[in-house]
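Novice: Sequence:
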Amino acid sequence: MFRKSPTKSDILQNYIKMELGKEYALILDCKTRWSTLCNMIGRFIKVKRAVLKALIDVKCDIQINEVEWSILEDIYENLDVMKVTVEAVCREDATLLSADAAMIFALKKLETRNTLLSKELHASLSKRIKQRRLPVASLMQYLHNPATYFEENEYDADVYPRLPNDCLQEMVLGLLKYDSAAQSFTCNDVNDLPTDDSQNEVGSNSSLSNKELINQQISKIIFDDTRRVGIGNLSTSKEDLLTLLKVEMLLFENGGDRGQLLSKAYRWIRSIKPTSVESERAFSAAGILCNKLRTSLSDKTINCLSFLRTYFQQQKNCK
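Numbering of the sequence shown is given in UniProt numbering, commencing with residue 1 and proceeding in unit increments.
Hints were generated in silico from the structure; no laboratory data involved.
The structure displayed is predicted, hence computed values, not measured ones.
Check before you lean on any hint, since a few could be wrong.
Computed list of lysine-lysine pairs in BS3-like fashion (alpha-carbon distance at most 25 Å, straight line) [stated by the list, open to error]:
id, residue 1, residue 2
1, Lys-108, Lys-53
2, Lys-83, Lys-119
3, Lys-211, Lys-48
4, Lys-4, Lys-108
5, Lys-273, Lys-83
6, Lys-17, Lys-31
7, Lys-48, Lys-83
8, Lys-8, Lys-22
9, Lys-46, Lys-83
10, Lys-31, Lys-53
11, Lys-8, Lys-83
Simulated restraints, written as ranges between beta carbons of each label pair [stated by the list, open to error]:
id, residue 1, residue 2, range
12, Ser-124, Phe-307, 36 to 42 Å
13, Arg-128, Lys-31, 18 to 24 Å
14, Ser-298, Leu-173, 40 to 46 Å
Idealized CB from N, CA, C, for every residue including glycine.
With the hints as constraints, model all of the structure from the sequences given.
Specialist: Put into structure tokens, the structure is as follows:
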């Protein structure tokens, strides 16, 4: 209605400027953009008073009652939670730990809302996490902080299982077997999971938006807790590795630092991306470079151009 009529649009914008101080255009959702429905409903709710006044002035028969407004607000609040969660999981610096933190944030927010739609989304999200979450995510949780790993989980054990030590040892050995020459090294690891205090703090900041809350939680992923790794020569035999791994896990669970084997596994797992978004970004970058004007370039040149494009974008973001 307002999009196709400049006169009606001017009436609406006058009311919006009177109420909000500047013009806000209504947004139409796009079928090929997954988040536009949330943006469209959010903008419509933001200018709802101006819309109601404009509908009266243009003598429109459309009437929106309070029940319909409450339904729209419920849809928007639930979609906004899912939107900020997806954006957090798809960040370039996302890891399995930050992805778990984002999903737990979404489950908590949906459970807090306690509406019919939020309950359905909570059940669907829990079911999907149970289907898609790999055991290596549990290993990452353990390598981050074994004390919180073995605590009672407030969610269903099937969604976020706590694997026994023998399963954890088997996965670590499975990672280490690809390293034919285990060498000693020293590293300062950065832990990637918010502590329980940070999760409680996020739940108490009700005045912040969902995006601010989840960004606050993700920002706490990198904090000043470095773990020094001892130096020494490692044996490559399976029996010696298993014995050393058990000793390292025992010391680690009792407040010690990560040993060389656990630290190496932790470094490797941190490189795993929770989604395929980064791979899709690579295809998008290739599409930008491989246009009609550059079809004559060799594959090596295209790879160099793609690398330089990514490098300069990262430098720009760091400034």
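Novice: So, for every hint listed, does it hold in this structure?
Specialist: Here's how the hints hold up against the structure:
Restraint check: the Cα-Cα separation between Lys-108 and Lys-53 comes to about 37 Å, which exceeds 25 Å; the hinted pair is violated. For the hint pairing Lys-83 with Lys-119, the CA-to-CA distance comes to about 17 Å; that is within 25 Å, so the pair holds. For the suggested pair Lys-211 and Lys-48, the alpha carbons sit about 22 Å apart, so the restraint of at most 25 Å is met. Between Lys-4 and Lys-108 the CA atoms are separated by roughly 42 Å; this puts the pair beyond 25 Å, and the hint is violated.
Restraint check for Lys-273 and Lys-83: satisfied, since their Cα atoms lie roughly 19 Å apart, inside the 25 Å limit. For the proposed pair Lys-17 and Lys-31, the alpha carbon gap of about 30 Å is over 25 Å, so the pair is violated. At most 25 Å may separate the alpha-carbon atoms for a hinted pair to count; Lys-48 and Lys-83 meet this at roughly 22 Å. For the hint pairing Lys-8 with Lys-22, the CA-to-CA distance comes to about 17 Å; that is within 25 Å, so the pair holds.
Using a Cα cut-off of 25 Å, the hinted pair Lys-46 and Lys-83 holds, with the two alpha carbons roughly 18 Å apart. Note on Lys-31 and Lys-53: the hinted pairing is violated, with a Cα-Cα distance of about 29 Å set against a maximum of 25 Å. Restraint check for Lys-8 and Lys-83: the C-alpha separation of about 32 Å exceeds 25 Å, so the hint is violated. In this structure the supplied range 36 to 42 Å holds for Ser-124 paired with Phe-307, their Cβ-Cβ distance being about 39 Å.
For Arg-128 and Lys-31, the Cβ-Cβ distance of about 22 Å falls inside the hinted range of 18 to 24 Å, so the restraint holds. Against the hinted window of 40 to 46 Å, the Cβ-Cβ separation of Ser-298 and Leu-173 comes to about 43 Å, which satisfies the hint.
Taken one by one, the earlier hints fail for this structure at numbers 1, 4, 6, 10, 11, listed in ascending order.
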